[in-house]
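Okay, here's what each chain looks like letter by letter:
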Amino acid sequence: MTENQISAPRLLDREVSEESLRESTAHVAAKKNIVELGTKSVVIFRIATEWLALPTDVVQEISDLCTVRKLPDHRHGILKGLANVRGDLLLCVALEVILGLEKAASGQDISPSTAVRRLMICRRRNARLAFEVSEVHGLHRYHPRELRSAPATLAKAAEGVYTLGVLAWKDKIVGCLDDELLFYSLNKGLA
Amino acid sequence: MSRISVESFGDLSMLDLFRMEVVTQSTVLTEGLLGLERDPDSTENLEEMMRAAHSLKGAARIVGRQAAVRVAHAMEDCFVAAQQKKRTISSALIDTLLAGVDLLNRVAEVSDDTLASWETDQNNQIEAFLSSLSSPAETVAPATRISLDQPRVISEQALEPVGQRSPESIPEAKAPPNGTTGAAGSDRVLRVTADNLTSLMGLAGEALVASRWLDGFAADLLRLKRLQLQLGQTLEGLRDSIPAGMLDERTSGRLVEARERAASCQRSLAERLADLESFDRRFVNFSSRLYHEVLDCRMRPFADGIQGFRRMVRDVAQSLGKTVRLEVKGEATPVDRDILERLKAPLGHLLRNAIDHGIEAPNERIGRGKSGEGTVHLQACHSAGMLLITVADDGEGVDLEALRSAVARKNLTTLDTAKKMTDTELLEFLFLPGFTMKESVSDISGRGVGLDVVQTTVKELGGRVRISSKSGSGTRFQLELPLTLSLIRTLLVEIAGEPYAIPLARVHRALKLPRERIESVQGRQHFSLHEMQVGLVAAHQVLDLNGPPPADSEVSILVLGDKTARYGLVIDRFLGERELVVRTLDPRLGKVKNISSAALMPDGSPVLIIDVDDLTRSIENLVSGQHLSRIGSEKDIAATRKKKRVLVVDDSLTVRELERKLLDNGGYHVDVAVDGVDGWNAVRTGQYDLVVTDVDMPRLDGIELLKLIRQDSRFKSLPVTIVSYKDRPEDRNRGMEAGADYYLTKASFHDETLLRVVTDLIGTADS
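Protein chains in written order, with my numbering: chain A, 1 to 191; chain B, 192 to 958.
Calculated from the structure, these hints are not laboratory results.
Any given hint might turn out to be false.
To be verified - Subject to a maximum C-alpha distance of 20 Å in a straight line, what follows is the list of computed EDC-like cross-link-like pairs (lysine to aspartate or glutamate): (1) A:K70 x B:D866; (2) A:K188 x B:D866; (3) A:K70 x B:D735; (4) A:K70 x B:D842; (5) A:K188 x B:D842; (6) A:K70 x B:D777; (7) B:K416 x B:D471; (8) B:K784 x A:D73; (9) A:K40 x A:E132; (10) A:K70 x B:D802; (11) A:K170 x A:E50; (12) A:K80 x B:E685; (13) A:K70 x B:E685; (14) A:K188 x B:D471.
To be verified - Per the computed footprint, the stretches of chain A lying under chain B, defined by three or more beta-carbons under 8 Å from a beta-carbon of chain B, are: (15) 77-87; (16) 182-188.
C-beta: ideal position from N, C-alpha, C; glycine also.
All chains, full assembly: derive it from the sequences and hints.
Rendered as structure tokens:
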């Protein structure tokens with residue numbers, strides 16, 4: 001018998017230490033961290049003073065700000081101009097205009113630093129759009145039941161309701177955007 | 192809708208793929224058959240056509256197109272028989288086989304829904320085709336072969352008289368003209384979607400921009416190197432400045448150590464810098480090559496754009512009772528795919544013209560000592576950075592005297608002036624819209640539309656047309672075009688603080704003018720240029736931008752426009768000349784006023800390219816004071832806001848348009864949506880007073896849409912009318928239960944019930 005053949009059974013037959021037994025028991029007895037089904041993933045970002053969220057699958061890329069070239073045609077209220085993102089000329093829109101944030105929060109940007117400002121590039125049904133945001137937090141998962149309805153003042157408004165509901169996140173309230181309607185209106189607004 | 196964009200072949204249906212295959216293979220078949228007609232002994236053509244017919248048969252079987260299976264099968268058999276020398280392909284058989292190609296194309300066009308009825312309708316024709324193909328009378332037809340061969344032999348000797356021929360071209364003309372099939376075989380061709388190519392070009396361009404960044408970085412490192420050098424010198428100076436007696440051993444050791452470290456830093460930096468520079472060179476070289484290679488992908492061989500022409504020339508000539516041969520040269524010449532696409536119509540027109548007007552009837556030709564068979568030359572080549580395309584015939588040439596009198600007769604000029612004109616000046620008249628010399632209008636040409644269209648297209652592509660003619664020996668058109676549309680030379684200027692690019696070809700002149708040379712007439716500023724007064728307009732005003740140009744002692748001016756009207760556009764300053772890669776603007780924008788496209792600057796920032804024609808119109812509007820009308824149009828917009836707004840949801844374009852027109856005539860502002868989902872989005876924007884919807888629609892039907900509307904507290908009371916083909920009571924009940932205010936059947940368009948119902952629900956348009 002070689003040394004290995006002798007030592008292997010010895011290793012397997014050895015007495016299990018008290019400590020290791022305790023550790024294994026605790027591990028097996030611990031309450032399982034069950035991942036809840038049906039949760040949704042969103043990207044949380046900020047425009048001026050408002051925290052907003054869009055489904056992760058429509059957000060294609062978050063990049064640094066770049067030069068946005070204005071178009072000399074004033075009929076496009078929501079169009080800011082053209083931006084070069086990885087060699088593609090993308091339309092850059094003003095989300096704050098379509099959401100009606102500009103009046104509510106003009107000059108109240110809580111961090112005047114431009115270092116955290118980003119360009120969010122979204123893609124829905126092959127159509128891409130970019131918009132500038134004041135800050136991007138990152139990804140967040142929530143269950144639809146956590147979604148509270150938007151305040152009646154907004155929900156009852158006749159036009160421009162793009163909020164599905166609101167989420168409590170950290171100590172803040174985040175408005176979850178209706179991407180379907182938002183991109184429908186943005187695309188219409190460009191024409 | 193914009194959503195329907197084809198991203199990859201994965202999205203195509205089997206039928207779409209079959210259609211693509213039919214297009215490809217029928218080109219092979221047509222080219223092969225025409226090649227066979229010119230050279231009946233060419234066996235490689237047979238082999239290729241047999242394979243094409245075989246592939247088509249298989250493809251047709253997959254998509255269940257029995258008619259196509261039978262036609263392709265019969266054609267395949269015929270080619271196999273010819274290969275085994277059991278059958279000769281006569282001219283008449285070529286006609287039949289070409290008809291078979293047409294038949295295959297028609298089968299491919301039929302939609303799945305109408306296939307069954309189409310097959311029944313066309314059964315006779317298909318049977319006739321099959322029997323004519325298998326009929327034994329066709330098996331041997333030597334008579335037709337001889338009659339075809341004869342003029343071919345004569346024509347080769349009769350080629351010399353054509354004026355502009357170069358001597359080298361004659362042996363080439365004798366070679367079997369099956370260049371297309373040869374070229375296709377030598378280089379494998381892949382299908383790539385235009386979108387893929389565009390994003391590839393974007394990335395390659397970005398790589399080029401990124402590579403240039405290294406240059407600046409290397410310059411920064413050079414500065415660092417200088418600083419290190421200074422540090423070394425400072426250390427050196429430090430040692431010298433310490434009096435000899437003060438320097439103890441420890442300090443001295445430290446100093447030596449510091450100097451050594453500084454020196455080692457310098458060495459290391461110098462090495463890294465050298466590495467970086469060599470990497471920079473390689474990277475720049477590599478990315479610019481990548482970029483140009485991708486740009487080259489936009490080029491296609493000239494042969495790709497002229498595939499249908501041999502067939503067309505044959506058919507047109509046959510219908511006119513003439514024998515005409517098309518000689519193509521430079522089939523491998525690379526041509527920008529966009530230019531090639533746009534040139535198809537003008538070239539087709541020039542060829543038809545050449546056959547109809549240029550080439551004489553066979554007996555006339557023989558009477559003049561020419562070969563009975565006419566020849567049209569189509570040639571493409573690159574010359575001095577331009578693409579030259581020549582269409583030349585060996586016909587009678589333009590009768591200059593007749594042209595002179597036609598010009599005078601049409602009062603385009605006086606006979607005296609016409610007599611003084613040079614030939615070239617006179618021939619220019621052929622390009623005038625509506626000008627024709629033909630007394631009778633034929634199906635082929637002579638309507639006087641065409642040559643002006645040729646010229647317009649070529650001008651739009653940034654080129655020009657030249658025409659020359661030699662009485663008795665032919666007419667020749669030469670198109671001179673840029674090599675590519677994707678690269679243009681531009682002048683970069685700054686207007687209201689933003690850069691803009693203007694196609695250099697459209698700039699008449701760029702100059703800086705001292706302020707005192709600007710004069711004024713009735714408050715309008717102008718200056719003189721070559722004894723011509725050029726009026727000045729401020730570019731920022733034309734483009735409706737804020738920020739007047741800087742008040743320097745010199746004014747930067749771009750002179751635009753043509754001989755009839757020249758304008759001086761005042762800009763902030765010139766930024767220089769640059770070659771730019773043109774990018775189309777996002778189609779969602781529609782036409783952007785004064786802007787044609789965009790491009791990227793070397794630093795990666797976007798720049799807009801000005802549409803000079805549009806800009807000239809804007810200048811004209813501005814100077815004639817028509818900007819007043821813009822205020823008027825704003826009033827119009829206000830008026831539409833006040834109108835009642837109706838949303839029409841229907842998946843049928845016809846019904847949608849009918850309803851839209853009906854309600855539009857009633858004074859309502861109407862928007863349309865193409866299906867339930869689209870409709871629900873539109874409803875939720877909350878701009879509508881009433882919704883008219885169909886029931887059967889893809890994605891979300893009318894009943895579901897209605898339920899969604901009624902469930903939303905905001906739209907509970909929004910009036911909704913259903914208009915549907917379904918008129919059974921249970922359909923009606925379903926609609927009313929879901930919350931419709933009215934349920935109409937589609938017959939109601941005719942008696943204006945729809946309009947009455949709408950007025951009933953929401954009142955008249957402006958109440």
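Right, here's what the structure says about each hint:
The straight-line distance between the Cα atoms of A:K70 and B:D866 is roughly 34 Å, outside the 20 Å bound, and the hint therefore fails. The straight-line distance between the Cα atoms of A:K188 and B:D866 is roughly 16 Å, inside the 20 Å bound, and the hint therefore holds. Distance hint between A:K70 and B:D735 is fulfilled; the C-alpha atoms sit about 12 Å from each other, no more than 20 Å. Among the hinted pairs, A:K70 with B:D842 is inconsistent with the structure: their alpha-carbon atoms are about 36 Å apart, more than 20 Å.
For the suggested pair A:K188 and B:D842, the alpha carbons sit about 18 Å apart, so the restraint of at most 20 Å is met. In summary, the hint linking A:K70 to B:D777 is supported, as the alpha carbons are separated by about 14 Å, within the 20 Å threshold. Taking the CA atoms of B:K416 and B:D471, the gap is about 18 Å. The hint holds against a cut of 20 Å. Distance hint between B:K784 and A:D73 is fulfilled; the C-alpha atoms sit about 6 Å from each other, no more than 20 Å.
Between A:K40 and A:E132 the CA atoms are separated by roughly 24 Å; this puts the pair beyond 20 Å, and the hint is violated. Between A:K70 and B:D802, the direct Cα distance comes to roughly 16 Å. Compliance with the 20 Å bound is thereby established for this hinted pair. Only pairs whose Cα atoms come within 20 Å are accepted, and A:K170 paired with A:E50 is accepted, the gap being roughly 14 Å. Between A:K80 and B:E685 the CA atoms are separated by roughly 19 Å; this keeps the pair inside 20 Å, and the hint holds.
For the hint linking A:K70 to B:E685, the alpha-carbon distance of about 13 Å falls within 20 Å, and the restraint holds. Taking the CA atoms of A:K188 and B:D471, the gap is near 45 Å; set against the 20 Å cutoff, the hint is violated. Residue count for the region 77-87 of chain A with a Cβ under 8 Å from a Cβ of chain B: 7. That meets the three needed, and the coverage hint holds. Residues of the region 182-188 of chain A lying with their CB closer than 8 Å to a CB of chain B number 4, which satisfies the three-residue condition for coverage.
Going down the numbered hints, you'll see the structure goes against 1, 4, 9 and 14, while the others check out.
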